[in-house]
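Undergrad: So the sequence lines, in the order shown, correspond to chains A and B.
Numbering (the working numbering) for the first sequence: 256 to 372.
Numbering (the working numbering) for the second sequence: 38 to 928.
By construction, these hints were calculated from the structure, which means they are not laboratory data.
Where a beta carbon is used, it is the ideal one built from N, C-alpha and C, also for glycine.
All the pointers check out, no bait thrown in.
Which chain A residues face chain B? A few, computed with CB under 10 Å, are given here:
no.: 1; residue: Pro310
no.: 2; residue: Ala311
no.: 3; residue: Glu318
no.: 4; residue: Gly319
no.: 5; residue: Arg332
Just a sample of chain B residues kept apart from chain A, beta carbon distances all over 12 Å, derived:
no.: 6; residue: Thr84
no.: 7; residue: Arg162
no.: 8; residue: Asn186
no.: 9; residue: Glu730
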Amino acid sequence: MTDADEKSEVWQGTLALMILKTLEALGPLHGYGIARRIEQTSGDRLSLNYGTLYPALLKLEQEGSVVSEWGVSENNRRARFYRLTRTGRRELRREAGEWERTTAILMRFLRPEAGRT
Amino acid sequence: MRSLRAFLARLRGSFPGGKRARELTEELESHIALDVDEKVRSGMDETEARRQAILRLGGLDATAERWRDRRGFPLLQELRQDLRGAARAIARHPGFAALTVAMLAVGIGGATAIFTIVHGVLIARLPFRDADRLVVLWEENADRPGRRNTVGPANFIRWTERATSFSKMTALYDTRVSLAGRARPEQLVAQYVTAGFFATLGVAPMIGRGFAPDEGPDGHDAVAVLSWGVWQRLFGGDPAIVGKPIQVNGRPVEVIGVAPRDFNFYLKSGSLVGKAPDLWMPMAFDPDTTVDPRGRYVSAFARLKDGVSIAEAGRELGAIAARLAVEWPRLDAGWTARVFPIRDEVSGDLRPALLVLSGAVGFVLVIVCVNVANLLLARGLARRQEIAIRTALGAGRFRVVRQLLTETLLLALLGGAAGWGIARAAVVVLLAKSPVDPTVLSRVRLSLPVLLFSVVAVVVTAVVSGIVPAIESVRGAVGEALQESTRSPTGGERARRIRQGLVVAEVALAAVLLVGAGLLLRSFGRLSRIDPGFDSEGLFTGRVILHGAAYKDDEKVLAFFRDVTARARAIPGVRAAGMVSFLPFAGLGAATDFTVVGEPQPPAGRAPVTDVRVCDNGFFQAMRIPLVQGRLFDEREMRTRSNVVIVSEAFARKAFPRGGALGRRVTIEMAHVAEEKPAPTEVIGIVGDVKVETLTAATRPMAYWPHPQLPYSGMTFVLRSDDPSVLAGPLRAAVAESDKDQPLGDARPMEDWIGVSLTGARFSAMLLATFAAIALLLAAAGIYGVMSYVVGQRRSEIGIRMALGAPAESIRRMMVAGGARLVLLGLAIGMPLALALSSVLSSLLFETSGRDPATLAGVIATLGVSAVAASYGPAWRASRIEPAESLRNSF
Numbered sequence: 256m257t258d259a260d261e262k263s264e265v266w267q268g269t270l271a272l273m274i275l276k277t278l279e280a281l282g283p284l285h286g287y288g289i290a291r292r293i294e295q296t297s298g299d300r301l302s303l304n305y306g307t308l309y310p311a312l313l314k315l316e317q318e319g320s321v322v323s324e325w326g327v328s329e330n331n332r333r334a335r336f337y338r339l340t341r342t343g344r345r346e347l348r349r350e351a352g353e354w355e356r357t358t359a360i361l362m363r364f365l366r367p368e369a370g371r372t
Numbered sequence: 038m039r040s041l042r043a044f045l046a047r048l049r050g051s052f053p054g055g056k057r058a059r060e061l062t063e064e065l066e067s068h069i070a071l072d073v074d075e076k077v078r079s080g081m082d083e084t085e086a087r088r089q090a091i092l093r094l095g096g097l098d099a100t101a102e103r104w105r106d107r108r109g110f111p112l113l114q115e116l117r118q119d120l121r122g123a124a125r126a127i128a129r130h131p132g133f134a135a136l137t138v139a140m141l142a143v144g145i146g147g148a149t150a151i152f153t154i155v156h157g158v159l160i161a162r163l164p165f166r167d168a169d170r171l172v173v174l175w176e177e178n179a180d181r182p183g184r185r186n187t188v189g190p191a192n193f194i195r196w197t198e199r200a201t202s203f204s205k206m207t208a209l210y211d212t213r214v215s216l217a218g219r220a221r222p223e224q225l226v227a228q229y230v231t232a233g234f235f236a237t238l239g240v241a242p243m244i245g246r247g248f249a250p251d252e253g254p255d256g257h258d259a260v261a262v263l264s265w266g267v268w269q270r271l272f273g274g275d276p277a278i279v280g281k282p283i284q285v286n287g288r289p290v291e292v293i294g295v296a297p298r299d300f301n302f303y304l305k306s307g308s309l310v311g312k313a314p315d316l317w318m319p320m321a322f323d324p325d326t327t328v329d330p331r332g333r334y335v336s337a338f339a340r341l342k343d344g345v346s347i348a349e350a351g352r353e354l355g356a357i358a359a360r361l362a363v364e365w366p367r368l369d370a371g372w373t374a375r376v377f378p379i380r381d382e383v384s385g386d387l388r389p390a391l392l393v394l395s396g397a398v399g400f401v402l403v404i405v406c407v408n409v410a411n412l413l414l415a416r417g418l419a420r421r422q423e424i425a426i427r428t429a430l431g432a433g434r435f436r437v438v439r440q441l442l443t444e445t446l447l448l449a450l451l452g453g454a455a456g457w458g459i460a461r462a463a464v465v466v467l468l469a470k471s472p473v474d475p476t477v478l479s480r481v482r483l484s485l486p487v488l489l490f491s492v493v494a495v496v497v498t499a500v501v502s503g504i505v506p507a508i509e510s511v512r513g514a515v516g517e518a519l520q521e522s523t524r525s526p527t528g529g530e531r532a533r534r535i536r537q538g539l540v541v542a543e544v545a546l547a548a549v550l551l552v553g554a555g556l557l558l559r560s561f562g563r564l565s566r567i568d569p570g571f572d573s574e575g576l577f578t579g580r581v582i583l584h585g586a587a588y589k590d591d592e593k594v595l596a597f598f599r600d601v602t603a604r605a606r607a608i609p610g611v612r613a614a615g616m617v618s619f620l621p622f623a624g625l626g627a628a629t630d631f632t633v634v635g636e637p638q639p640p641a642g643r644a645p646v647t648d649v650r651v652c653d654n655g656f657f658q659a660m661r662i663p664l665v666q667g668r669l670f671d672e673r674e675m676r677t678r679s680n681v682v683i684v685s686e687a688f689a690r691k692a693f694p695r696g697g698a699l700g701r702r703v704t705i706e707m708a709h710v711a712e713e714k715p716a717p718t719e720v721i722g723i724v725g726d727v728k729v730e731t732l733t734a735a736t737r738p739m740a741y742w743p744h745p746q747l748p749y750s751g752m753t754f755v756l757r758s759d760d761p762s763v764l765a766g767p768l769r770a771a772v773a774e775s776d777k778d779q780p781l782g783d784a785r786p787m788e789d790w791i792g793v794s795l796t797g798a799r800f801s802a803m804l805l806a807t808f809a810a811i812a813l814l815l816a817a818a819g820i821y822g823v824m825s826y827v828v829g830q831r832r833s834e835i836g837i838r839m840a841l842g843a844p845a846e847s848i849r850r851m852m853v854a855g856g857a858r859l860v861l862l863g864l865a866i867g868m869p870l871a872l873a874l875s876s877v878l879s880s881l882l883f884e885t886s887g888r889d890p891a892t893l894a895g896v897i898a899t900l901g902v903s904a905v906a907a908s909y910g911p912a913w914r915a916s917r918i919e920p921a922e923s924l925r926n927s928f
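Take these sequences, add in the hints, and give me the full structure.
TA: Rendered as structure tokens:
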């Protein structure tokens with residue numbers, strides 16, 4: 256079994272964070288674009304059920320982290336574009352920081368020798 | 038903050054509409070298109086690309102579904118769907134819906150109305166500060182246990198000196214006063230109260246002030262506090278009235294305040310007037326009250342000290358009264374004192390009736406539930422196929438049950454809304470008909486607790502009546518339901534048994550209500566047939582109380598009443614006219630001890646008691662009180678004091694057990710202010726007994742003096758004519774002709790007064806009869822429904838019977854017997870239940886046994902006839918079934 260076959264399921268909390276980060280990096284983007292970008296960034300190691308993306312986007316919208324409006328895609332398709340708001344940026348910084356702290360702590364547990372150096 | 042924002046967004050999203058939701062399909066389509074574009078670019082076939090794109094999305098519908106779940110709250114959305122479905126289902130059968138809503142409206146409305154009164158009278162806080170610390174104090178005579186007697190002022194003063202249980206004590210008495218200086222003189226009810234009145238109750242006047250401690254004694258008593266009602270009615274709600282003088286009893290009195298709107302204080306047991314007051318004035322006891330104590334006429338109430346219970350206060354006051362009986366045998370031998378919670382004054386008379394009515398209205402509500410359940414069952418059966426299809430399409434059973442319950446809930450809500458309207462109207466009627474005015478001390482209104490009660494009633498009703506039909510409708514295999522026709526004889530068997538069981542329960546409950554109503558009606562009939570000792574039909578009454586300097590002289594008072602009576606006698610149509618100091622049934626009157634001259638004196642406090650009235654001959658004639666022996670007053674006795682008395686038969690029996698009353702002399706302990714001691718009076722006649730207080734009270738001795746013996750300045754005129762309803766104007770004119778400043782009060786037919794004394798019995802009897810009638814109607818409707826259903830169900834069987842030659846008559850008999858069987862079963866359960874419960878009614882019954890055989894027979898007959906009547910329609914239809922047609926339809 257290769258590393259690439261071992262695809263992880265994305266769970267909701269991290270999906271929201273990935274969406275926010277993608278929008279920060281690429282600017283306004285439609286749902287399909289977000290999904291592709293997440294897959295690409297993970298080196299296709301994530302199996303994203305595209306269908307879960309839309310409720311997640313809706314949740315972020317309801318919380319005021321993103322806003323959406325109709326636009327035209329690079330290949331001239333009408334699509335709905337999502338854009339990060341100021342609340343969304345703040346939220347992204349907060350969540351990213353939390354993740355970093357959490358993973359750092361977990362790393363110390365999992366690789367104690369690395370923590371001592 | 039963020040989650041609140043999301044919550045609000047989801048709440049909004051739970052309701053339909055919104056561009057965003059409509060655009061989702063478009064957004065998902067665009068997603069697929071983008072995916073397909075990319076795949077086609079990398080060389081995939083377009084159809085395959087589309088297939089894979091949809092697969093990766095996880096299906097269009099499923100995604101949209103998940104998105105919608107996030108958009109709103111799924112439970113709320115489903116509820117909305119259920120409600121919409123329910124509204125559609127109801128709209129499809131408007132007749133069914135109207136019938137159900139009407140029944141629910143009657144049940145919930147009735148329950149709400151009764152609860153409104155129960156809440157106001159028995160539960161809600163009384164509008165005084167710490168009302169549960171307020172108590173009323175009454176004296177009680179050993180010969181009349183349980184009867185609340187007004188308090189002797191001398192005793193009240195002693196209580197205030199000795200009792201330690203109370204932080205504040207107040208005494209009051211009420212009387213009528215005249216208010217002059219206006220276009221028409223007004224008779225008002227005044228409460229004369231000791232200075233602590235408002236403070237004891239913990240109520241401050243709305244504007245102005247209460248009485249100061251030094252206001253009360255003569256010379257400092259020309260102040261008054263107006264009730265909110267009089268302030269509005271007579272002074273137009275003018276706040277500048279405070280500080281201005283008004284003319285009360287012919288002298289100027291300064292208005293110092295106006296009581297709050299809700300404030301309505303009146304102690305029925307001790308009221309001479311029998312009405313809530315229009316104004317309050319201060320009173321103080323004469324300094325010599327305790328030196329020469331006479332009579333009992335004040336009501337007393339008090340506030341308990343912190344930590345003192347009513348029982349403790351009662352024990353202390355009882356001990357004080359016991360000591361007073363020794364110290365003061367002339368006044369207090371044989372008397373004790375009692376302490377009661379103030380709520381007793383509101384609920385005392387109403388409590389048993391209210392409890393019975395609450396039970397009755399509860400029964401009606403249960404019958405309504407049963408009937409609605411019955412209707413729903415019938416409809417559930419008709420919808421079996423619809424429900425089976427839904428289940429087959431994947432709707433969970435729980436979901437279907439919930440959908441059906443939502444339908445019932447919607448019906449119940451509609452019923453509740455209509456019921457609320459019914460309750461509003463019913464409360465107005467109930468208050469108007471109530472034997473005691475429950476608004477006097479408390480507040481009776483449709484309030485928040487009442488609304489909560491209604492909502493709970495709606496929900497409980499919906500669940501109780503909907504749950505069995507809902508569960509029934511999803512029972513059984515889907516396939517079976519789809520295959521069978523709704524008319525198939527097997528499918529409805531179980532439902533039929535349930536429905537028959539419900540009807541039996543209904544009949545049983547209706548039987549209980551009918552027995553209760555029957556007993557109360559019978560008791561009411563007995564009550565209204567009691568002979569009061571006079572002929573109340575055709576009598577008109579009106580009262581005048583003379584005030585002011587012009588009537589300081591007794592001769593003026595006597596002349597005034599003599600003249601008005603003479604003028605009244607001349608009114609066209611008047612057959613007889615007279616006057617009396619206290620009219621029977623119109624409140625309390627004077628009563629005192631008496632002794633017979635020449636007989637041994639009874640020990641102190643053990644002397645017999647007689648009611649005392651002053652009157653003229655016209656009184657006996659107008660009232661048609663028969664002269665049994667001796668004669669009436671003569672001309673001279675009506676002009677000057679002659680020391681003669683006419684006594685009642687009960688008086689004669691009590692004072693002269695061996696007869697020979699005429700010519701004997703009796704000393705009645707009541708004297709004119711000018712006299713030192715009451716003079717003995719000679720018995721000149723004996724007249725028939727009359728009831729004076731209530732119809733049910735025992736007959737008491739009565740003594741009638743001619744007016745000059747005790748020149749009361751307040752007298753009630755009694756006029757007899759064929760049409761008493763037209764006499765108010767002429768009588769008022771007759772009074773005005775003598776003195777245009779004197780108001781005529783309580784102008785009304787005698788029947789009204791008697792009616793008041795019957796209201797209590799009529800109130801409970803009529804209400805219970807109404808509930809029983811509703812129950813009977815509902816039970817009959819239930820029988821009709823079930824029998825119609827049975828006929829429909831047995832169509833083919835009946836068809837076969839008729840094809841085989843059964844006569845229509847026997848078919849009809851068979852169906853009617855089916856209905857009768859249900860009623861018999863219901864009676865078999867209901868009658869024992871009714872007998873067991875009838876003891877609850879005993880306190881409301883007058884000379885009627887809880888097992889009154891005529892009532893029980895009547896109930897059985899009524900239910901039997903109703904059963905036959907209700908089954909006759911379906912039976913007749915059954916007998917008209919065309920055999921050929923019914924057989925063709927069923928195969």
